Amino acid sequence: MSPAPPTAAAPDTAVSSRTRARRRSARIPYALLLPALLGLAFLVLPLAGLLVRAPWSSLPGQLSSTEVWEALRLSLICATAATGLSLLVGVPLAWLLARTDFPGRRFIRALVTLPLVLPPVVGGVALLLVLGRNGIIGRWLDSAFGITLPFHTSGVVLAEAFVAMPFLVISVEGALRAADPRYEEAAATLGASRLTAFRRVTLPLIAPGIGAGAVLAWARALGEFGATITFAGNFPGQTQTMPLAVYLAMESDPEAAIALSLVLLAVSITVLAGLRDRWMSTP
Amino acid sequence: MTSTMRRTAISAVAALALATGLGACSSGSSSSASASASSSAAAPKLSGTVTVFAAASLQGTFTDLGKKFEAAYPGVKVKFNFGGSSSLAQSIVSGAPADVFAAASPATMKTVTDAKDAAGDPKVFVRNTLEIAVPKGNPKHIASLKDLAGSGLKVALCAKEVPCGSAAATALKTGDVNLTPVTLEQDVKAALTKVELGEVDASLVYRTDVQADSGKIDGVDFPEAAKAVNDYPIAALAKAPNTNGAAAFVAYIQSAEARQVLTAAGFQAP
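Those protein sequences? They're chains C and U, same order as listed. If you use my numbering, the first sequence corresponds to residues 2 to 284, in order. If you use my numbering, the second sequence corresponds to residues 799 to 1068, in order.
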């Protein structure tokens, strides 16, 4: 929405542009503007604090260690893989929740969103109990295939997907509910199977919703800490992502932790700002 | 309150604390409470809340000692904040309203003393040594530090940034053991949990942690641990809201009664 150019042409247009200007200024009541600005300050100030406290002079030295870049690389790879995994199973799950009617659907829906409220550390312990070396499934994976997920990069991906997938499922389900099912019905009357209708009609229809959900899930996965350190452990180059490196640096050297956080912030802002216009355009 | 007055108050409390300590020394734990109660009549009466920031490994013993302290000084409440020593030190330096800080390593205490946030010199009140924690019954038959480097064995260590991790590194260096752990945990409890859940075969943790969890964990002593002893310093804080309470608590932790509780939990006297 760009501001209307001030015109001094015919008197009637001048009047109409004035009323339009008045209506626009009236559109932002102080009762909304003030809390909005407060909210903005609340979110932005801590970041400003990081920038103020950042050890700019020693920053190059802080960031020269290979461990930092290894952690960043691992973070980006794992968050992307976790998003991919979430897309693969999360979109069909969202479709199931939005388009079919089965008993206990509301309960299942609540279960799906459980990782949103569960403390991530608890999620990590739960993953260990199922997929760990002595876990219900993990024991079998270990003895039959020799696969152990904890303390391995694949464990990081699983932990992040566990925490991030609900974000994707919720936003895709919302997009599906907003999309008109009559398009799919029309496709069905023209002889398309339900799978074809999903692939050719539904998916393109809800693409923005999927994109928004994927970005949310990616962002959540990138910042994941609790489930990762609990389930996958912490070893440089193997399972140590940026949030883990930041947390441990905080224990001994807050300046290094701030330096690491700045790198993660810069990368996240670049990626999120780049994707936002393309994917997160509000419907 | 002027600064001279406060100083007098501190010395009075120090005298009281000394008396308490001596009382406990001479006549055992049961009479120390009455000894302190009688001497507190002369000194300024303690009141309010004493807020203690203490290392996570002190949780069991300090909770216990806090109750005993409250019983000895009626009207005083002790509130604890247990956590990693490093992060506790960070919050104290950032202005958290604490009265006493008990750290798991001199290095973390140094963060506080460097910022001039400690009142007086910190005192080492206990020591803690490392043990190899293994699942109950020691299924992998681990008997020494060298055994941990065996192939196919999964070992968890603490990250070198936290006190138990730096102690582990010292012990491994002393024993000339070249060990690649599968994970570097963020604190000692996390390293212990990994053994408890059976995800790793062993980890290097504090003796006190093994003892507190003796139902599920066995401990294996090793000689190199003697070279990697962690000192636990305690100090009243310069900006303590409750100066008298802080000094009294610090003195109480160094009393014979408190030491008995601490050594019973596996700590060593300094």
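Rather than coming from a laboratory, the hints here were simulated on the basis of the structure. Keep in mind that a hint or two might mislead.
Quick partial rundown of chain C residues pointing at chain U, CB under 7 Å, derived from the structure [claimed, not checked]:
hint	residue
1	Thr81
2	Gly85
3	Arg134
4	Ile138
5	Pro151
6	Phe152
7	Thr154
8	Asp181
9	Tyr184
10	Gly234
11	Asn235
Once the Cα atoms are required to be at most 20 Å apart in a straight line, the calculated EDC-like pairs of lysine to aspartate or glutamate come out as [unchecked claim]:
hint	chain 1	residue 1	chain 2	residue 2
12	U	Lys934	U	Asp945
13	U	Lys938	U	Glu868
14	U	Lys877	U	Asp912
15	U	Lys908	C	Asp254
16	U	Lys987	U	Asp1019
17	U	Lys987	U	Asp1016
18	U	Lys958	C	Glu71
19	U	Lys938	C	Asp254
20	U	Lys971	U	Asp919
21	U	Lys958	C	Asp143
22	U	Lys908	U	Asp919
23	U	Lys958	C	Asp254
24	U	Lys908	U	Asp1029
25	U	Lys921	U	Asp1029
26	U	Lys1025	C	Glu256
27	U	Lys908	C	Glu68
28	U	Lys914	C	Asp254
On a predicted model such as this, the values are computed, not experimentally measured, just so you know. Here a beta-carbon is modelled for each residue, glycine too, at the ideal position from N, C-alpha and C.
Comparing the hints with the structure gives:
| no. | hint | result |
| --- | --- | --- |
| 1 | Thr81 | violated (23 Å) |
| 2 | Gly85 | violated (25 Å) |
| 3 | Arg134 | holds (5 Å) |
| 4 | Ile138 | violated (14 Å) |
| 5 | Pro151 | holds (5 Å) |
| 6 | Phe152 | holds (4 Å) |
| 7 | Thr154 | violated (12 Å) |
| 8 | Asp181 | violated (49 Å) |
| 9 | Tyr184 | violated (49 Å) |
| 10 | Gly234 | holds (3 Å) |
| 11 | Asn235 | holds (5 Å) |
| 12 | Lys934(U) <-> Asp945(U) | holds (17 Å) |
| 13 | Lys938(U) <-> Glu868(U) | violated (45 Å) |
| 14 | Lys877(U) <-> Asp912(U) | violated (25 Å) |
| 15 | Lys908(U) <-> Asp254(C) | holds (13 Å) |
| 16 | Lys987(U) <-> Asp1019(U) | holds (18 Å) |
| 17 | Lys987(U) <-> Asp1016(U) | holds (15 Å) |
| 18 | Lys958(U) <-> Glu71(C) | holds (18 Å) |
| 19 | Lys938(U) <-> Asp254(C) | violated (37 Å) |
| 20 | Lys971(U) <-> Asp919(U) | violated (31 Å) |
| 21 | Lys958(U) <-> Asp143(C) | violated (30 Å) |
| 22 | Lys908(U) <-> Asp919(U) | holds (10 Å) |
| 23 | Lys958(U) <-> Asp254(C) | holds (12 Å) |
| 24 | Lys908(U) <-> Asp1029(U) | holds (12 Å) |
| 25 | Lys921(U) <-> Asp1029(U) | holds (10 Å) |
| 26 | Lys1025(U) <-> Glu256(C) | violated (30 Å) |
| 27 | Lys908(U) <-> Glu68(C) | violated (27 Å) |
| 28 | Lys914(U) <-> Asp254(C) | holds (18 Å) |
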